[in-house]
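In my numbering, the protein residues as written are 6 to 492.
It is worth saying that the hints were derived from the structure and are not from the lab. It cannot be assumed that every hint is accurate.
[As the list claims (entries may be wrong)] What follows is a list of derived Cβ distance ranges for each label pair:
hint : residue 1 : residue 2 : range
1    : Ala440    : Ala140    : 34 to 42 Å
2    : Arg137    : Glu294    : 38 to 46 Å
3    : Glu297    : Arg375    : 20 to 28 Å
4    : Pro378    : Ala440    : 48 to 56 Å
No residue lacks a Cβ here, since even glycine has one placed at the ideal position from N, Cα and C.
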Amino acid sequence: MTRLNRRTLLASAGAAALSAVTGCATGGVSNREAVRLGPGATGPVQGRITAWAWDVAAQALKRMAEKFEARHPGTSIHVRDIGYDNAYDKITVGLRADTGLADLLYIEGQRLPSYIGTFPRGLHDLTPLVRRYAADFDRAAWQTGVSADGKVFALPWDTGPLALFYRRDLFARAGVDPASLKTWDDYVRAGVAIKEKTGSKLLIMDPAENDSLFPSLLQQQGQHWFKDGGKVALDTPAAVRALALIRELGRRDLIRWERGWDGLVTATKEGKVATAPSAAWWSGTLTGEMPELKGRFGVLPLPAFGAGGARTSNNGGSSLCIPAQSENPRLAWAFTRFLLTDKDNLVSMLRREGLFPAYLPALKDPYLRRPQPYYGGQRAWQVFADLAPHIPPVEYTRDGPKAADIAQKAVTAAGMRGADPERELRSAAKQLAGATGRKEAEAAHSGARDSAHKRLRRGARPATATPAARGGRPGAAPSRLVPPKRA
Numbered sequence: 006m007t008r009l010n011r012r013t014l015l016a017s018a019g020a021a022a023l024s025a026v027t028g029c030a031t032g033g034v035s036n037r038e039a040v041r042l043g044p045g046a047t048g049p050v051q052g053r054i055t056a057w058a059w060d061v062a063a064q065a066l067k068r069m070a071e072k073f074e075a076r077h078p079g080t081s082i083h084v085r086d087i088g089y090d091n092a093y094d095k096i097t098v099g100l101r102a103d104t105g106l107a108d109l110l111y112i113e114g115q116r117l118p119s120y121i122g123t124f125p126r127g128l129h130d131l132t133p134l135v136r137r138y139a140a141d142f143d144r145a146a147w148q149t150g151v152s153a154d155g156k157v158f159a160l161p162w163d164t165g166p167l168a169l170f171y172r173r174d175l176f177a178r179a180g181v182d183p184a185s186l187k188t189w190d191d192y193v194r195a196g197v198a199i200k201e202k203t204g205s206k207l208l209i210m211d212p213a214e215n216d217s218l219f220p221s222l223l224q225q226q227g228q229h230w231f232k233d234g235g236k237v238a239l240d241t242p243a244a245v246r247a248l249a250l251i252r253e254l255g256r257r258d259l260i261r262w263e264r265g266w267d268g269l270v271t272a273t274k275e276g277k278v279a280t281a282p283s284a285a286w287w288s289g290t291l292t293g294e295m296p297e298l299k300g301r302f303g304v305l306p307l308p309a310f311g312a313g314g315a316r317t318s319n320n321g322g323s324s325l326c327i328p329a330q331s332e333n334p335r336l337a338w339a340f341t342r343f344l345l346t347d348k349d350n351l352v353s354m355l356r357r358e359g360l361f362p363a364y365l366p367a368l369k370d371p372y373l374r375r376p377q378p379y380y381g382g383q384r385a386w387q388v389f390a391d392l393a394p395h396i397p398p399v400e401y402t403r404d405g406p407k408a409a410d411i412a413q414k415a416v417t418a419a420g421m422r423g424a425d426p427e428r429e430l431r432s433a434a435k436q437l438a439g440a441t442g443r444k445e446a447e448a449a450h451s452g453a454r455d456s457a458h459k460r461l462r463r464g465a466r467p468a469t470a471t472p473a474a475r476g477g478r479p480g481a482a483p484s485r486l487v488p489p490k491r492a
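Model the full assembly from the supplied sequences, consistent with the hints where possible.
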């Protein structure tokens, strides 16, 4: 979802619950196959459905439900805000019991593959209905709703393309040109200069919860926790590069460690950090909770791991799916299609609720090209719109929650205590393989360490800002991407 706020920081509890289920479930207790909604589901609709969501997603659904009902007399859409804290417990229990769920479920992208893998008969197979829309959606978001055998069980709603939010004033005081941040090497060098000149660190990480930076750095390089048909990928060269970067940031004292959402917001408000490698939904937090900082932020593509590398990743996003137990799946599908394949509706939800569309045609709307006063007149939404089609799609499995829990220990050890990334990740990979029964992908070796990590120790100076570059709109040069596999 877009404005994840504290939900991301509460994720470990829900992930643990789902991990426990995946350890004993065999795909749900229902003996029926999930009904395929064929072309006949697109006719006239009537009756009533209930939808479950929370936070701004629930607000958007309620607003759009009124519009849908006005267009379709005889229909009633009841939206229930179930709150995030117990949402996934409710969904998991309902899928296991094959009863008690709403007709339409809102599920975050990182959770969806686990549900599809664990309860393959628990959701309606939407493949015949959504196949024609596949090219119109962000590839990475689309992939989260696809099963190992190619069936589609969800339609993407929003996505979380990553960029680098930065404080214009702190960069200017340090004499650092934001346009010079082409690679993560540049980022670390700039952080050293900013800390020396302003006292502000570079970014915030959470030591206690499943911090999003490490998986985002993995996806930027085209992989996630698993690759090559479901093999464990925690100690690949890409993973070592990602964790070596985090260790270097920690070694340089450029990370401010904060526990929980409140700490993140407070430290950002107070200027304790100069950047946030974050998703489009972070903009809603800035404008909503820090209006007094209007004009002080800018947005850049993410630094790359090397010349020509991807300049974005993903954090967040969500989809809508229809449980097999729904008593009115035709109406649930009609409402889903109305919401998620209508450009005007999606732009409305971007403007009102901050939900960044996964539907690519919506990204061409003139609204995204408007200068944003909060960002000093920068066309900030256009930066994300340019990056979104280049999010590297990655492979997901039902064991994602287990992987996240295990990986977090390695991240904390390397970032906070300076532990060796390769050793920590090798241990994590073996632990994950043992917990899931999966094979391991190719591991990194001592020669695979990122040479850029070594160059950082030589302390090259950051580029200085030029008047024309300060506040200028950056360009992006994403690499070409390879279609993903799933397991």
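Hints versus structure:
1. Ala440 with Ala140: 34 to 42 Å: 37 Å, holds
2. Arg137 with Glu294: 38 to 46 Å: 40 Å, holds
3. Glu297 with Arg375: 20 to 28 Å: Roughly 22 Å apart at Cβ, these two residues keep to the hinted range, so it holds.
4. Pro378 with Ala440: 48 to 56 Å: For Ala440 against Pro378, whose Cβ atoms are near 49 Å apart, the range 48 to 56 Å holds.
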